[in-house]
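There are 2 protein chains.
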Amino acid sequence: MTFELTKEYVEKIESAILTKDEATLRAEMDELYPADISSLLYELDTEAAHYLFGLIETDIGAEILAEIEPDDRKQFLSNFTSSEIARYIEVFDSDDAVDLLKEQPIQVREEVIGLLKDREQARFIIDLLPYDEDVAGGLMQKELVKANANWTVNECIEEIRKQAEDVEKVYAVYVVDDAQTLLGLVSLKNLVLARKNTKIGNIFDEDIHFVETYRPVEEVAEIMQRYDLEAIPVVNVQRRLLGRITIDDILDVVTERAEEDIQAIAGITGEVEEDDSLFKQVKARLPWLIVGVFGSLLAATVIRFFEGELTKIAALAMFIPIMGSTGGNVGIQTASLIVQSLADSSGIEIGWKERLLKILVIAALNGLIIGLLAGGYVLIFSQPQLFWVVSLSLLAVVLLASFMGTVTPLLLDRFGINPAMASGPFITTANDLVGIGTYFLIAHFLLKV
Amino acid sequence: MTFELTKEYVEKIESAILTKDEATLRAEMDELYPADISSLLYELDTEAAHYLFGLIETDIGAEILAEIEPDDRKQFLSNFTSSEIARYIEVFDSDDAVDLLKEQPIQVREEVIGLLKDREQARFIIDLLPYDEDVAGGLMQKELVKANANWTVNECIEEIRKQAEDVEKVYAVYVVDDAQTLLGLVSLKNLVLARKNTKIGNIFDEDIHFVETYRPVEEVAEIMQRYDLEAIPVVNVQRRLLGRITIDDILDVVTERAEEDIQAIAGITGEVEEDDSLFKQVKARLPWLIVGVFGSLLAATVIRFFEGELTKIAALAMFIPIMGSTGGNVGIQTASLIVQSLADSSGIEIGWKERLLKILVIAALNGLIIGLLAGGYVLIFSQPQLFWVVSLSLLAVVLLASFMGTVTPLLLDRFGINPAMASGPFITTANDLVGIGTYFLIAHFLLKV
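The listed protein sequences correspond, in order, to chains A and B. The opening residue of the first sequence carries number 1371 in our numbering; numbering runs sequentially from there. The opening residue of the second sequence carries number 1371 in our numbering; numbering runs sequentially from there.
Heads up, a few of these hints could be off.
Repeated chains share a single entry, so a pair holds when one copy, or any two copies, can fit it.
Claimed, not checked - In the SDA-like style, the derived pairs of lysine to any residue whose C-alpha atoms are separated by at most 25 Å in a straight line are:
| hint | residue 1 | residue 2 |
| --- | --- | --- |
| 1 | K1516 | V1562 |
| 2 | K1723 | L1414 |
| 3 | K1728 | E1374 |
| 4 | K1532 | I1573 |
| 5 | K1487 | I1739 |
| 6 | K1566 | I1530 |
| 7 | K1444 | I1750 |
| 8 | K1728 | D1645 |
| 9 | K1444 | V1478 |
| 10 | K1539 | T1568 |
| 11 | K1377 | E1413 |
| 12 | K1472 | A1386 |
| 13 | K1472 | I1483 |
| 14 | K1728 | L1375 |
| 15 | K1653 | L1730 |
| 16 | K1569 | E1439 |
| 17 | K1377 | I1426 |
Honestly, the hints are just simulated from the structure, not real lab data.
Sequences are here, hints too, so could you generate the full structure?
Structural data, given as C-alpha cells:
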C-alpha cells in the first residue's frame, strides 16, 4: 500500500505525456495520493510536469502544490497566470495559501488576492500575511470550528456541518464568548457523547493550552509535544481566538529543524539535497571548506613560526594531528551536549559557572586518560623527552576545547544564532588552531630548544 | 500559561516535603500538568520524590510515570512493590504499560500482569509484549474504537460511549468485518454529521493508510508525515486490525532519532545529557575520543615513516593540519548528504555508480578551488617547490574523502547500522589518516628527497 516511485513508472507516464494520452494519465493520477503525484512531478521536466498538472482536478492540484518545496514551487509556478494561481489558492488552507503567496512577487500576490471569489479566504490571507514564519502566527491557519458558550450541542454540530468543507480536520470545537475571547474547548469525542440540547457552556474544558501569535515556533512545538496535543489554538494578547496550529505542521517544523542542525554541524550552507544540481552543491559546500582552509593555513603559519624547533626535533611533527583532531572531537562533543540541553527547557536552567565547572572536571578526567595513552606511545615509539610535552599539551587541548565548546553555543544562542553552528566546521577549525598553538608553545617552554 | 520550573519553586516544595505538609503539596500538585510534575520529580532526591508521588492520584501518577525517561523510571520504581506498580499499570495505555514492564525484571513483569484486575488490559499487554520497539507493533496501542460495517451510526456512538474511558483520543472509528478484517474508517467529524440510522457500511472511507506490525518505525513515521495522519491502524498479515499508532508517539520517535543522529555525528555513545553524573558523561565521551587518539597515533606513525623528508624540508610539517582537517570536513559534508538522502524515500532510488560519479565531479571542483587557494599561500609564504605537492595532495584528499563519505554510510545502511555514524569521529579519524598518508606519499614522489 506504500507507493514506490520506480524508473519504469516514470517512463510510462512520460511516454503517455508525449502521446498526450489524457485518458491513461487521468486514470493513473486517480490512483495516486497527492503527496505521491508531487514526488512524480519532481522527476518530470518542467513542461511535462505542467501538462500533467493541468489534467488534475483543482482540489488535488491544490494539495499537490501545498506539498512541493518552496524553491521548486516558485519555479513551477513561474509560468502560471495570476488567475490560474488564484484557482488553487481558492481551495488552499489559509496557512498554506500564505506560504505560497509569500514566495511570489508582490504584484502577483496582490493580483491573486484580488481575484479570489471566496472573500473570506482573501480576508484570512490578509490577516496572516504580516506574521513571520518563525512565530506561532506564521504557522497558524484561520480554518477552525468555534462555538459560543451559549450555544447548545445541536447548534454546535450545525456549525461543524457548515464549516465541514473548509475545515478538513476537526479535533475540537473552540469555545468563545461574545467578544471572541477563548474560554476553552469541547473535544469532538465529548461532543459526540453529549446530549443534543446541553449548553456548550456546561460541558467545555476550561483548562486548555493555547499560544500567543508571537511565540517562537520552537516553543509551540515543545508545548504540543510535551502535552501530546494534536492542535493548539492561537490567540492575541487580549486572548482573542485568531487561529490554530495543527500537529502535522509541527512535525514538519521538528523535522526541518533537525535537518538544519545536522547541516550546521556538517558545514553545509542552505538546504541542499543529493539530487540538486552540481552548481548548487558546490555552492553549498565550498564556503565552509574555505573557512576550514583559512583556519588550517593559519595553523600552518603557527607551525612556520616554530620551524626552528621542528628542524631540531623532527619528531615534534608526529603529534600535530593528535592535537588538532582531539581538539575538534572534544569541541564537537561538548557543543552538542550544550545544544541539546539548550533545546530542552523542562528542567531548571543551569548557571554558567556551575556548567563550566562540571564540564572542566569531565575534561580533566578525559584529558588525563588520553594524555597518558598518547604519552605511552611517545615512550615506546618516539623520544622520551617528548612525554611531558605531548601529555600536558593533550590535557590542555581537551580543557581548552571543552571551554570553547561550552561558551560558543551559549554565546550564539544569546545572540539569536542557531547554537548548532558551534558544532560545525568553525569550532573544529578554531580548535585545530588552538590545539596546535598550545602544543608548540608547551614544546617551546619545556624543551627550551 | 507555560510552566517554568524555578529554583525557588523546587525549594518551596522540598521544604513542604520536609514538614510533611500534605495539604500544601496536594494543592500545588493539583495546579500542575503531569508533564510538569515529572520535571519537578527529576529535581528532587529519590526519597522526597517517592513521598510526593504517593500523594498524587493514581490517574495523574500513571500519566507522570508514562512521561519519565526509561532509565530514571527503572530506578524510581525499584523500591515499589509489584502491586503498587500494578495499580498504575491498570490505568496506563497498553503501549505505555508494555514499555514500562519491559524495563522490569521478568518476575516483576509477570507478577504485575497477574495482579491486574482489568483482565482486558492484561490481555492487551500480553499481546504487545513480543514486539520489538523498532517496528510498528512495538509502538501500537490496543485501545481504539472499532465498528462492524453492519452497525448504524447510533450503535457506533454507543460503542464510543462504552470505550470513552479507555480510549483517551478518538480521531476515527475503524470499520471491520465479522472476521475483524480492516475495511476502512469513519472520521469522527463525518460521524457527527451523519444521520443516526445510517449504516456505517454506507459512509465509511475505504481508501485509507495502514501498516503491518513488522514495518520499521521509520517507515511508519514517514507515512504518517507524508499523508498528514494523526493516527494509523496496525494490522497483521491477514489485514486483521490489531491496534493503532498515534501521532504523539511518532513525534517522539522523530525527535529521538534526530538526537541519536546528532550524537552519532558528535561521537557520543549512549543517551547522555548535560545534567547526568560525571561518571556517565566521561563514559559516554571517552570511547570515541580514544578511537580518535588511536587514529591520530597511526597518523603519527605514518609521519615518523617520513621523518627523513621532514628533516630535509621542515616546511612540509606546515601542511599536515590542512590535509587532516580538509579530509574530515569533506567527509562529514558528503556523508551527511548521503544520510539525508537515504532517509528520504520519496524520489527514485539513485544507483551507486551515478551517485559516486556526481559526487566525485563535485569533489573535483571543490578540490581544485581549495588546492589553488592553498597553493597561493605556498607560493607567497612557503617554498615554491611545495606548490604542486600541496595543491595535488588537497585535490586527492578531497576526492578520497568524498569517496569514503559516500561509501561508508551506504555500507553501514546496508548492514543495518545507523548511517549517521559515518559522519562521526570514525570517518573523521580515517580521513585524517588517509589525508596525511596521501600528502606524504605525493611529497615523497614529487620531491624525490
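Consistency of the hints with the structure:
1. K1516 / V1562: Both. Shortest intra-copy (16 Å) and inter-copy (15 Å) distances satisfy the 25 Å Cα cut-off.
2. K1723 / L1414: Between copies only: 22 Å across chains, 57 Å inside a chain, cut-off 25 Å.
3. K1728 / E1374: The answer is between: 24 Å across copies meets 25 Å, while 50 Å in one copy does not.
4. K1532 / I1573: both (22 Å within a copy, 19 Å between copies)
5. K1487 / I1739: Classified as neither; 72 Å inside a copy, 54 Å across copies.
6. K1566 / I1530: This pair counts as both: shortest intra-copy Cα distance 14 Å, inter-copy 16 Å.
7. K1444 / I1750: Classified as neither: same-chain Cα gap 63 Å, cross-chain 46 Å, threshold 25 Å.
8. K1728 / D1645: This pair counts as between: shortest inter-copy Cα distance 9 Å, intra-copy 44 Å.
9. K1444 / V1478: within (12 Å within a copy, 59 Å between copies)
10. K1539 / T1568: So K1539 and T1568 pass the 25 Å test inside a copy (24 Å) and across (22 Å) alike.
11. K1377 / E1413: within (9 Å within a copy, 56 Å between copies)
12. K1472 / A1386: neither (34 Å within a copy, 54 Å between copies)
13. K1472 / I1483: Classified as within: same-chain Cα gap 12 Å, cross-chain 56 Å, threshold 25 Å.
14. K1728 / L1375: between (51 Å within a copy, 22 Å between copies)
15. K1653 / L1730: between (38 Å within a copy, 15 Å between copies)
16. K1569 / E1439: Neither, since 45 Å and 41 Å both go past 25 Å.
17. K1377 / I1426: Close inside one copy (22 Å), not across copies (59 Å); limit 25 Å.
Of the numbered hints listed earlier, those contradicted by the structure are 5, 7, 12, 16.
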